[in-house]
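Visitor: Fit chains L, A and S to the supplied structure of chain C, relying on the hints for placement.
There are 4 protein chains.
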Amino acid sequence: QGAETQGLDSKMFELKDRMRQVVSDVISAQDSSSNVIEAKTKQLVSFYTELETENRLEFLSILGEDFGVNHKNILHLSQSFKSAQERGQNVLLNIEDRLRQSLIPKYQVLFKQIGHLEGGVKFLVDIRADILNLISSQGPGHYNPHLRTLSNSLKELISVWFSVGLVHLQRVTWQSSCDMLQKISDYEAVHPIRNWADLKRRVGPYRRCFVFTHNSMPLEPVVVLHTALTSDISDSIQSIVRETGSDNKTIADTEDTSKITTAVFYSITSTQKGLQGVDLGNYLIKRVVRELLAEYPRNLTKFSSLSPIPGFRDWLITEINKHLHHNPCQEEVFTEEEIKSIMSNLPLTDQLPLEAIKKVLLDNSWAVSEALRTILEGPLMRLCAKYLYIEKHRGYALNPVAHFHLRNGAVMWRLNWKADVSPRGLSSSCGIMVNYRYFLSDTEQNSKNYMERQHIEGSAQVRDLIQQFRPPIEHKSQL
Amino acid sequence: QGAETQGLDSKMFELKDRMRQVVSDVISAQDSSSNVIEAKTKQLVSFYTELETENRLEFLSILGEDFGVNHKNILHLSQSFKSAQERGQNVLLNIEDRLRQSLIPKYQVLFKQIGHLEGGVKFLVDIRADILNLISSQGPGHYNPHLRTLSNSLKELISVWFSVGLVHLQRVTWQSSCDMLQKISDYEAVHPIRNWADLKRRVGPYRRCFVFTHNSMPLEPVVVLHTALTSDISDSIQSIVRETGSDNKTIADTEDTSKITTAVFYSITSTQKGLQGVDLGNYLIKRVVRELLAEYPRNLTKFSSLSPIPGFRDWLITEINKHLHHNPCQEEVFTEEEIKSIMSNLPLTDQLPLEAIKKVLLDNSWAVSEALRTILEGPLMRLCAKYLYIEKHRGYALNPVAHFHLRNGAVMWRLNWKADVSPRGLSSSCGIMVNYRYFLSDTEQNSKNYMERQHIEGSAQVRDLIQQFRPPIEHKSQL
Amino acid sequence: QGAETQGLDSKMFELKDRMRQVVSDVISAQDSSSNVIEAKTKQLVSFYTELETENRLEFLSILGEDFGVNHKNILHLSQSFKSAQERGQNVLLNIEDRLRQSLIPKYQVLFKQIGHLEGGVKFLVDIRADILNLISSQGPGHYNPHLRTLSNSLKELISVWFSVGLVHLQRVTWQSSCDMLQKISDYEAVHPIRNWADLKRRVGPYRRCFVFTHNSMPLEPVVVLHTALTSDISDSIQSIVRETGSDNKTIADTEDTSKITTAVFYSITSTQKGLQGVDLGNYLIKRVVRELLAEYPRNLTKFSSLSPIPGFRDWLITEINKHLHHNPCQEEVFTEEEIKSIMSNLPLTDQLPLEAIKKVLLDNSWAVSEALRTILEGPLMRLCAKYLYIEKHRGYALNPVAHFHLRNGAVMWRLNWKADVSPRGLSSSCGIMVNYRYFLSDTEQNSKNYMERQHIEGSAQVRDLIQQFRPPIEHKSQL
Amino acid sequence: QGAETQGLDSKMFELKDRMRQVVSDVISAQDSSSNVIEAKTKQLVSFYTELETENRLEFLSILGEDFGVNHKNILHLSQSFKSAQERGQNVLLNIEDRLRQSLIPKYQVLFKQIGHLEGGVKFLVDIRADILNLISSQGPGHYNPHLRTLSNSLKELISVWFSVGLVHLQRVTWQSSCDMLQKISDYEAVHPIRNWADLKRRVGPYRRCFVFTHNSMPLEPVVVLHTALTSDISDSIQSIVRETGSDNKTIADTEDTSKITTAVFYSITSTQKGLQGVDLGNYLIKRVVRELLAEYPRNLTKFSSLSPIPGFRDWLITEINKHLHHNPCQEEVFTEEEIKSIMSNLPLTDQLPLEAIKKVLLDNSWAVSEALRTILEGPLMRLCAKYLYIEKHRGYALNPVAHFHLRNGAVMWRLNWKADVSPRGLSSSCGIMVNYRYFLSDTEQNSKNYMERQHIEGSAQVRDLIQQFRPPIEHKSQL
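Residue numbers (the numbering used here), protein chains in the order written: chain C, 382 to 860; chain L, 382 to 860; chain A, 382 to 860; chain S, 382 to 860.
These are calculated hints, taken from the structure and not from any lab test. Computed from a prediction, not measured in an experiment: that's the story for all the values here. Watch out, some of these pointers could steer you wrong.
Treat identical chains as interchangeable: a pair holds within one or across any two.
[Stated by the list, open to error] As a list, the in silico BS3-like pairs of lysine-lysine whose alpha-carbon atoms are at most 30 Å apart:
| no. | residue 1 | residue 2 |
| --- | --- | --- |
| 1 | K667 | K423 |
| 2 | K581 | K799 |
| 3 | K453 | K487 |
| 4 | K503 | K564 |
| 5 | K667 | K487 |
| 6 | K799 | K740 |
| 7 | K654 | K536 |
| 8 | K683 | K423 |
| 9 | K423 | K640 |
| 10 | K503 | K487 |
| 11 | K829 | K487 |
| 12 | K423 | K829 |
| 13 | K487 | K392 |
| 14 | K423 | K487 |
| 15 | K829 | K397 |
| 16 | K773 | K740 |
| 17 | K829 | K493 |
| 18 | K654 | K493 |
Same shape as in the complex, but just chain C:
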């Protein structure tokens, strides 16, 4: 057994040595001709590509630890900084420059060289996805701190490459390549695409599917935005992504432009995990609005999302649990009357009322009872408004979709009951969806207010729902 372990250890030892070697080869080739560098860099790329997942962690750790910065050098320059400062601007700028150079990790050179390869940018985006996966698999507080530095270093570079000027807007239609359409279909996570007929509809009349692609990976839809062109702001996803049936034949081949007054963004997807933190979705929405206005300069006046509310039911169950565990600060979730009313529509049970309610919420069985649907509409809409409007994370909306649209300058415009009655929709948000509406002339100010003062612009409907909470609640939320 010992021998075997030793064998493994020595194998691992060799592998680590090889890793260091492959990286050194690129870094030490820096001053020689581009041919040499390119060859060495390609070697490294294929070396990494063939590594197994667990060894990739090893590789990335070595990269972070052994090819980061020279701490001594930094210490030395830091200590001479003060005296340098006193010797005039030239000296000061010079030492700052040296300090800046010394703080650039050695692997940054590597990343730049990889970026020079064909397909290199895509490779780096994928590496960053690997790093982010490793970080989240190790859990907060437990991950190797070098990974964070690596990730930041990569994000820095990637965000330069993904400047909007280098990103291309492309409309996807049935005339687009099968390859592209298959990817659109595979990536669609919000409202999964059932089959090719469904897909054809989503790129057909009364629909617009736009993507951003990047030169370094021209066949890859980096962000995807699905839009429906309608005569009013949709309050249900099923009206947009309908089952294809016999009534399907009635869908016109051409659009009656006089009926198109509204653009409803019903799905937006970022496909590259490695682009986390590089905000392209916002730009995509803006570009699409511009395209649509150019296409329909007269009639098209309303812009809104129809968005899911991921996390609402989870949050609601947590609220119920707190109550069940007698958390004293917890205000009540349902009023006594509501509870009574709900219980009268449930089979007799020994459970606590909240336990019983929790159960029907968790198995979606409430949704098949007309009575329960009617009773629950009031409290669930109210609670959902609370979740969206009042719950915060670092001062901003806790719900990430809400945060995205509010930051872009949208208004929280309408909560829609029975808007997504698919099992998926019931399980994530009790079937509720929300419209974030974009009033083009206000987005700038709204965005500013939200980002600088954490102010959420809500419509009358939303404000009314919030009003149902006792003053102290709202007061608390503003602390």
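Guide: Using the frame of chain C, we list chains L, A and S on its own:
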């Protein structure tokens, strides 16, 4: 008069205030929505575009001085660095990260935002050209040191954007756009294009014109490489860029591929001053070699440049001058016999022989005398070899064209007498041109030898020419 | 009742009047401006498009009868022809010209005008398909003779438009438009495409799918040719169009070019009935051979089809029926030994042996019995060879696929047992398929021999199979 | 000498034999495989291409005479026509079909085969140009009548290929290929292009240059239309095609769309002589109007040509000559007062006044004298109106440009004095140009009126000019 100056002063004062304001507007918009940032950034771009040249210097100085780094902050972090280091890796990485952030000039944010605009990258390339022009107009040692930092900061960003993966190879033919061909014509500085018939020939049969374009400026040829396909390594530019006359009609419309064995790179031009230091020419040559090999996989086996030798005559005159001024270390330029022989072919004069020779070299009159041409061939070829092979700058070839090709791994292969007999060719290099030849299997090693050991690989011809100098000369050059 | 009929009659009467009017409108507009003509022509196109199928017949009959030629005029010119001939060449050419003009049906003008419209050529191709459908639905000898003239007139025009110079070769891959790929899938009748994974394989590595498109209908694949790149001439369609299963993963993403020596054309489809008689398939094969040779100039040396044998089983059943009905001239289908052998593997029955054999051939049940498969291989292969090689229609091969390839210059190279074991394959040709092989240097001569002398070039295998028939048989076939 | 002639004769004899052979080869290959036909057809094409001009006439004569129709066959069918007619519709249609077939010249088969080749359509267009040149070089009444039949046969085919659906509209800009722009420049005969700067302007802002291309010759602009976008209907070509000078810099890079209310077609050119009689110019104008309306849906409301009046001065000189030769029917050209007034501004002379006037008209010297210009404006404008409006050829406007636009439905809108003061403009039309204006809603009716009733729609200005002629004149013109 005082009032007027005061008026000017107050106007300048206002303008400077406005400059600061415009920059602040972008930087302070950082946290708000992208709409706001974009609007402010566009404002800044058009503000700068409309500034007069002298005010641009002012603007760039303000940018460098007032929107660089916070020195105090850096000092503070520097001083806490040592103690941080002792508190473990996490703390160390953290303070390094903060120090790194603090060393990023504020204007870097600005540049990134500009890069996001359509046409933004081109704008930054142009700004860098402005900065480099300012630096060289102020002269070494006298320019504002902030300009250098600005330029480096921009180069950093630009070199990421101009990763080879984002740059496109394009062949230019008579089917290319007039816009592109006009630019090719305008940018051609090495062997100016006389008219559209000349241009048509340079993109026609037996010629290949390739350019790199970049997504951010798709209509702009960033680097241009002209290649002639021949049956042997050309020894004269006139055989490639001939006068179009009646014999012109004999140029075939189609290529006889069996006659094509050699690719002669006879002109390479970088068109964007703002890309100084971002090496694309080397990549372009490599890509073109690959393209040509794909087109002629069998016969095409020889690759060489036919290059000008800018600076040779200037250097030669300087050598003569040193001698005239009795610089003691100066070895002799021409042998006594040579001088005698030359003088016997010049009109009688009171001048010192070297003065008289200098004169005919400067006015190119030697080139119209067959006798002088014959006599001078020996010494000029020898001296030219010395200039190219022995004269150095920081250990590398002084001549920039030589340095470029040697760094790419070429061999200094053949000096060609009467290779460019145009006035331009005589004035810059006494009509001599040089072939740097690329032996594909050796370029990697040659490049390494040159970059690491400053070794220049020369052909027998070159080495023979050099041998004519006394040993001590060569010895000295190796110090 | 009478009134109702009268109502219908008068309605029909009105409709016919309207038809005549619509056509007259175009023809009488001939001399006026193109605007007028275009407007009238568009009117006619939409008028026809909206007609019900039965009324289209009416319309086409009216077109043929009322807008054909002026018979009196022709008679008149015919009668003056003789005397004209005697008055010299000029007069002769003149009257010939007038006769020629008078023989052009009026509707030819109409067709040309339609051809000028956008989408007009496609419309005419569709009209011709309508006419051909009408002719075949009315049956030979019973159709309106004007329809044949109409069809010929259209074919004349269409064949000019579909000159090969105006037809475009396009390779279809997974990067082609979904629209195109869906059509490829829908049109594939030879070996139906099961799903999108199957489709993806047929345009993926080791496969080439080429189509001809025409400018007048750029989104329509007019002819489709599927080719497999293999290491030998395939003897089974299932090896090419395999079920996609777990072993599917082993299909390489890239092609190992060293393994590719053979191109197997395994499906060719003409999609437009209206192009009947306009031979594009032959051109497509030739163009594809050229493309493939350009792609694989060294290794690719073998070209062959793997073709279905539609009609073989039907023919075989007819042969059996003739025997059953004691047709005296009918030679025997199976030998006595064969019949004995087959019967011993069938359940006992009262039926005549040939009836019993016919039954298992018709329900494909023979194919599930290993014994029967073994026994039947000999006779079925022999009979199939007879069907392909000996059965004729107007001197040429009766089987249309055979005729197509033989006319193109192919050799009847190999009959393959168990080559298509799908129900479809069994029902049409008892699972047998055939390779028509193209020896590039011989196709010209083969084609000539076949077209001029009805000679079929067969391989040794085919000739051996044929030899099994008694001399008199072959003798007869050669009469 | 006799021997030499004999030698030539026998050589010509051989050549003619060879011609017949080459044509027979194609025609007799009709029934064999397409490979054979294609090879033979290519042979014929290169044979013809290499013929000298005089031999081409021989070739075309042989083609017409020996490969036309079978006159006996036609005679035979003609004679059986009458009896056939009595034997019912089927027989009638059948014999008509046979007659129709027999009237198709054998060379028609040849032309179709050529059309199948790549570049074949272009070759046929060029052959037709050869034929038309031969016809006009031999003069009316003297040319070989077979050439006319050949030309008609070709025109028939070519007009099918050039159906508008197969022709592509393309806008030419500075981004178009140099090849295309060079051709545009070379073909411009109406207002010759002076240099590349001039060319750049004609495809730049406030200008639109559109061409039709055809698939069979994609690099060839078949028809070219130059349009100026202006704020009013231009009355002078110099305002559109100005000398490029220092004021050139004031031309904006971008268009102020609010100033664009008018599209002035100032040059239209058909580049292919072989397309004579195939009307594409009319279609091009219509398509361009549609494009422009799509680009400027609101402001652009006026459409007009600014057209030259080729032939006006020639016609005027002929009128003067008739008078000088005392043609009794000839009405006077100038009034007595006009003559007096003109003569007082000419140097004293012995010549007859009309002779003297004729002289200054012929050498354009009148145009440099302000006085003469003033005096002549009245009579020349009046005479020009007469030339355009009253002079007819077969009932239609004699002037071909007038005929073209009137047929398209334009109004003869305004004659412009001093509209083209270039030597070319003075020599062809005494500097006068004319606007044919297109009122979009009236073109259909105008065209009909002109084509059916020879009615020319003229503006008030034109009618006023015509009124100056004595009633009898106008009366006569209306007969």
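Visitor: Which of the numbered hints are not met once you compare them with the structure shown?
Guide: none
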